[in-house]
Each structure stands twice: as structure tokens, then as C-alpha cells.
Amino acid sequence: MRMDLVLAVLDVPGQLVRVLEPISGLGANLVTVIHKRDVKDDKGKIPVQLTLEGKRENLQRVIEKFRELEITILEMDGFVKKIIVSTILIGHIVDSDIRDTMDKINKLEGVYVSGFDIQLNGENKSSALINIEADLDKKQLVFDRVEEIANEKQLLMINEV
Amino acid sequence: MKFSDTMKDCRVIIMGFGAVGQGVANAISLKKEMIKEEYGVNLKIVAAADSSTSAICQEGLDEDLLVKTKKETGKLKDYPEYGGDKSNIDVLESVDYDCLFEATPTNIIDGEPGRSLTLKAFSEGKDVVTSNKGYLALNFNEIIEAAKENNVLFRYEATVGGAMPIINLVKDTLSSCNVSSIIGILNGTTNYILSRMTSEGSSYEDILRESQELGIAETNPEQDVEGIDAACKTVILANSLLSIPATYSDVSVDGISSITSEAIDLAKRDGYLIKLIAEVSPENLKVSPRLVKEGSAYDVNGTLNMATVKTDLAGDVSVIGLGAGSIETASAMLTDLISILKLKY
Ligand SMILES: NC(=O)c1ccc[n+]([C@@H]2O[C@H](COP(=O)([O-])OP(=O)(O)OC[C@H]3O[C@@H](n4cnc5c(N)ncnc54)[C@H](OP(=O)(O)O)[C@@H]3O)[C@@H](O)[C@H]2O)c1
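Protein chains in written order, with numbering that gives the first Met the number 0: chain E, 0 to 160; chain X, 0 to 344.
No wet-lab data here; the hints were simulated from the structure. Owing to the predicted nature of the structure, the values given are computational and were not obtained by experimental measurement. Beta carbons are placed, not taken as given, at the ideal position from N, Cα and C, and that holds for glycine. There's no promise every hint is true.
Said to hold, decoys possible - Think about it this way: if two alpha-carbon atoms lie no more than 25 Å apart in a straight line, the pair counts; the simulated DSS-like pairs of lysine-lysine are:
| # | chain 1 | residue 1 | chain 2 | residue 2 |
| --- | --- | --- | --- | --- |
| 1 | X | Lys-309 | E | Lys-54 |
| 2 | E | Lys-138 | X | Lys-35 |
| 3 | E | Lys-64 | X | Lys-292 |
| 4 | X | Lys-35 | X | Lys-341 |
| 5 | E | Lys-152 | E | Lys-138 |
| 6 | E | Lys-124 | X | Lys-267 |
| 7 | X | Lys-170 | X | Lys-147 |
| 8 | X | Lys-43 | X | Lys-343 |
| 9 | X | Lys-309 | E | Lys-138 |
| 10 | E | Lys-64 | X | Lys-309 |
| 11 | X | Lys-341 | X | Lys-31 |
| 12 | E | Lys-64 | E | Lys-138 |
| 13 | E | Lys-103 | E | Lys-137 |
| 14 | X | Lys-30 | X | Lys-67 |
| 15 | X | Lys-343 | X | Lys-30 |
| 16 | X | Lys-343 | X | Lys-119 |
| 17 | X | Lys-31 | X | Lys-343 |
| 18 | X | Lys-341 | X | Lys-170 |
| 19 | X | Lys-43 | X | Lys-67 |
| 20 | X | Lys-292 | X | Lys-343 |
| 21 | X | Lys-43 | X | Lys-7 |
| 22 | X | Lys-35 | E | Lys-137 |
| 23 | E | Lys-64 | E | Lys-35 |
| 24 | X | Lys-341 | X | Lys-147 |
| 25 | E | Lys-137 | X | Lys-292 |
| 26 | X | Lys-119 | X | Lys-147 |
| 27 | X | Lys-119 | X | Lys-74 |
| 28 | X | Lys-267 | E | Lys-138 |
| 29 | X | Lys-292 | E | Lys-54 |
Unchecked claim - If you want the ones that stay clear, here's a sample from chain X, every Cβ over 10 Å from chain E, calculated:
| # | residue |
| --- | --- |
| 30 | Lys-35 |
| 31 | Glu-111 |
| 32 | Ile-258 |
| 33 | Ile-319 |
Start from the sequences and build out the full structure, keeping to the hints where you can.
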């Protein structure tokens, strides 16, 4: 797949190389680089537009590498920027106010419930699958928040590894 | 190579003569010739003990006869000529030996009798190979320090994952790497139950009952299904491979007894399986049911165990293997003994 990115890079020698260097080592190909030297921000950074090609997981590794190097990502096309995490809750889900559970998750910035499936089991405990769409860097936050809610409502939470 | 002139004896005691202890005797019977040929060492069982009796002979006992006696009468005291009523520490004091195979039951209240037997052997300058995770989960450092102080070797590969190599794999084979986490399926019984719930859509209660009938789950399944066994292994991996000085109470533990067949079904529809996962990392010491992707390294079924080790240089390394079984677990203990032979003999 292809991915378009806009990064903020300091306009001093060596900086662009620092950004481009990790790409091929992580299994991604650089398709285009556009360097806009005329739009410097107040910290002296200029936007660099990249198009990368590679397997989804390799592109994801490139993004992670950029984060590690503390390179600011200004824009990223839809795919890799968001992740969908799944979680299963078991317990008295309906009784413990399912609407409220969803609202609490949706309240997190950059996070919303994109899928929901429930199987009721009479008087017994029910099981629900929730898909949550979140910004890439919010994964742990989502898990922590859902865990808090689950503990509060005495539900068993089953998270992704 | 021929070692006939330099052949040395390695005299061993087997404490605990259940599935694992008998497996060790069988494994020695099968492999002693190979060990003679390859390492120039003559392996001799000089004592074996169950909970209240033993067989002791300085010249060496017959491995097959030990197993046969235990199977037929249930007591090692019935071993011809050399059977008797000595048990526990007394056995260690009755005979000269070089290495203790410790395979007594896991006890996570006070670690006994394994803890005292191991410390006693150390204090006499003997090496120890164990399969017993109880006392290691309670006080890992105490044991490792005691081995160091007495200048003896201590090996415990069989405590985690049975025959699946993990501790020696990371310590020896991956010794150039730093490990940031180990995530795995470390309990075969729960993996079996969850696998069957997934393939058959049956309830937890039904599959547990059947597993008990098949002898895969114990009559009292609590240690397995409530995640206690996996938590002990989590502690051992944390201490031995990630230098996290944790004890049993530091692990957050959820078992599988509240997993519903509906939850498994919902997961399946979304491309996931539910597994009892142990996570060992500086951030998380945790045993809990988790979603894993179908077709991923965690998609391992039946009683198998698996683990993925995250390393800095080698990337992710995953292993799969039999987490339990008599001769399978004994294989790990015999490999541990061979590593001692290589260093000392
Ligand atoms: N089974 C496996 O696949 C497996 C895998 C990995 C690790 N382990 C660990 O290995 C150890 C042994 O497991 P196992 O399956 O062999 O258990 P087991 O079949 O229950 O056997 C335990 C043995 O220990 C004996 N014993 C009890 N108290 C003793 C004492 N004070 N002194 C000496 N012996 C004593 C028992 O005596 P009696 O025969 O008189 O009852 C029995 O022979 C456990 O710690 C277990 O967690 C087992």
C-alpha cells in the first residue's frame, strides 16, 4: 500500500537525511519527497511531504520509528493514522448501562466506538464485542480507560495482545 | 570418543516420584548410554523418594525397576532389597550424591518441601535441577543467592513451559540480546479448554468436565483455570530473564472460568481467538484472557504452550512446545543436567 505523510523537519543540513534514513531499513520504499523550503514555521521547521510504499506493517514501523525519533507528523492519510482495537466485555453488560459505557469511551479525544455486537444469555452474563477506532498513539489509553470502566462495572475485559 | 579411562560417575537423587520423577528415571534409562558416549559420565540414581518412602543404594538403582515398583505398589519402599521408610531430608543425608532432581509438588503457600530440599542440597555443595515452580515464584532471589553462596549450579528450565525451551533459550542462545518482554501461553490445560470451546462452541463447564475425565485437567482445577500456575511461571520469567525482582503477589491474575462460549463466538467473527496470556514486561506482570489474531504466533491450540520473546537485536522470537507430560518435562530436566555435566565434569 501507499501512504502520504507530511512531516515537520528542521531546515538545517543533515535533518532530511535523518528522516529518510530509517525508511528502507524498515522495508518501505520512498516514492516521492517534496521539500517546501518557503513555508518555515516559527521554530524553523519546514514541511516535508513523503509518499511511501510497502506492506502495511512496515509502514506502521516507519511511523513508530518517526515517533521514536520525535519527528513531528503533521498529516497522514487515513489508513495508518487510525487503528481499530477490539475488546470483549463479559458480565451484566445491559444492567450496568451499556449506553453509558459507550459514552464514556467516546468521550476520549480521537477515540470512538465503531462497532458493537452483543450476545445475551437470558438471566446470565452477556458478552459484548466492541470495536474502537483511535489515533495510533492512543491504543494504551483506550485499554486503560476501558479497563477502568470494566472494573467500575465489574465486567471482565478481554483485550487484544 | 572413548572415555573408558576417564569415566566419571554422576550420582543423582530424585525427590518426588510422580509423573515427572518417573519421567526422569525413564529418560535416564533411555539416555544413559548416550551420556556415557558423549560426555564420559556414568549417570547413577542413588536414591529416589516419594512422599513417605524411598529406595536408596550407593551403587545405583535400576531405573526401570524403580518405575515398575512405584506403578505396581504405589510406594518406593517396596523396591527389592533397597526400599525403606526414609523420606524427605533424611534421604539426602543417607547417601553420597552429586545432583538433586527435585520434582515434589508445587506449593505456593510456603514452597515446601521443595524449598528446604533445595537449600539443603545447596548447603552440602550439591547441584540442583528442579521442575517445581512453587518456591521460585515465592522467593526467587533467595534461592539464586543461596546457589551462588554455595558455589553450586541450579537449573530450572522445566518450571516454565515443560519441554518448551525458554529459559535456556534466552540465557544461552539469545545471550547477545536484551529482552523487553515475553508474551505467551504458559498453561496447557487452559489452552486445551479454550481451544475446544472454540472448535466445538460448547460451554466452559462441559469442556472442563470432559478435560477432567481425560486427565488433562485436575480434579481440583483451580491452579490452572484461575491462572495461578501461569502466574508462577510469569514470576520465574520476570526474575530470570528480565531481572524484574517480582514475587507471586505482584502479578495481576484473571483466569478463564468466566469465559462464555458467546464471547468466544464474538471474537471468532471478528478474526480473533481468546487465549489465557501471560505478559512479562517491566510495565505489566499479568495473566489474563486476551484476544489474539487468528493465524498469528499466538494461534496455538490443544495443550501446547508458546512464547514470543521480544528482543532488541533478534526481533521477535517465538517458540512452541509441550508444556507438560512425564517424559517431556523430564527431557528439560535431563538437558539441564547435561548443561551441568558440560560445565563441571
Ligand atoms: N506433570 C507435569 O507435566 C509437570 C510439568 C512441569 C512442571 N511440573 C512440576 O513438577 C513437580 C512434580 O509434578 P508431578 O506432575 O510429577 O506431580 P505428581 O505426579 O503429583 O508427583 C509428586 C510426587 O512428589 C511426591 N512427594 C510429595 N511430598 C513429598 C515430599 N515431602 N518428599 C518427597 N516427595 C514428595 C509425591 O509422593 P506420593 O507418590 O507418595 O504421593 C509424588 O511422588 C510439580 O512441582 C509440578 O508443578 C510438572
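Hint by hint, here is what the structure shows:
| no. | hint | result |
| --- | --- | --- |
| 1 | X:Lys-309 with E:Lys-54 | holds (21 Å) |
| 2 | E:Lys-138 with X:Lys-35 | violated (55 Å) |
| 3 | E:Lys-64 with X:Lys-292 | holds (24 Å) |
| 4 | X:Lys-35 with X:Lys-341 | holds (12 Å) |
| 5 | E:Lys-152 with E:Lys-138 | holds (21 Å) |
| 6 | E:Lys-124 with X:Lys-267 | holds (19 Å) |
| 7 | X:Lys-170 with X:Lys-147 | holds (17 Å) |
| 8 | X:Lys-43 with X:Lys-343 | holds (16 Å) |
| 9 | X:Lys-309 with E:Lys-138 | holds (19 Å) |
| 10 | E:Lys-64 with X:Lys-309 | holds (17 Å) |
| 11 | X:Lys-341 with X:Lys-31 | holds (15 Å) |
| 12 | E:Lys-64 with E:Lys-138 | holds (17 Å) |
| 13 | E:Lys-103 with E:Lys-137 | holds (15 Å) |
| 14 | X:Lys-30 with X:Lys-67 | holds (18 Å) |
| 15 | X:Lys-343 with X:Lys-30 | holds (19 Å) |
| 16 | X:Lys-343 with X:Lys-119 | holds (20 Å) |
| 17 | X:Lys-31 with X:Lys-343 | holds (17 Å) |
| 18 | X:Lys-341 with X:Lys-170 | holds (16 Å) |
| 19 | X:Lys-43 with X:Lys-67 | holds (17 Å) |
| 20 | X:Lys-292 with X:Lys-343 | violated (45 Å) |
| 21 | X:Lys-43 with X:Lys-7 | holds (11 Å) |
| 22 | X:Lys-35 with E:Lys-137 | violated (59 Å) |
| 23 | E:Lys-64 with E:Lys-35 | holds (23 Å) |
| 24 | X:Lys-341 with X:Lys-147 | holds (18 Å) |
| 25 | E:Lys-137 with X:Lys-292 | holds (20 Å) |
| 26 | X:Lys-119 with X:Lys-147 | holds (14 Å) |
| 27 | X:Lys-119 with X:Lys-74 | holds (24 Å) |
| 28 | X:Lys-267 with E:Lys-138 | holds (21 Å) |
| 29 | X:Lys-292 with E:Lys-54 | holds (18 Å) |
| 30 | Lys-35 | holds (45 Å) |
| 31 | Glu-111 | holds (34 Å) |
| 32 | Ile-258 | violated (7 Å) |
| 33 | Ile-319 | holds (16 Å) |
Violation of the numbered hints given earlier is confined to hints 2, 20, 22, 32; the remaining hints are satisfied by the structure.
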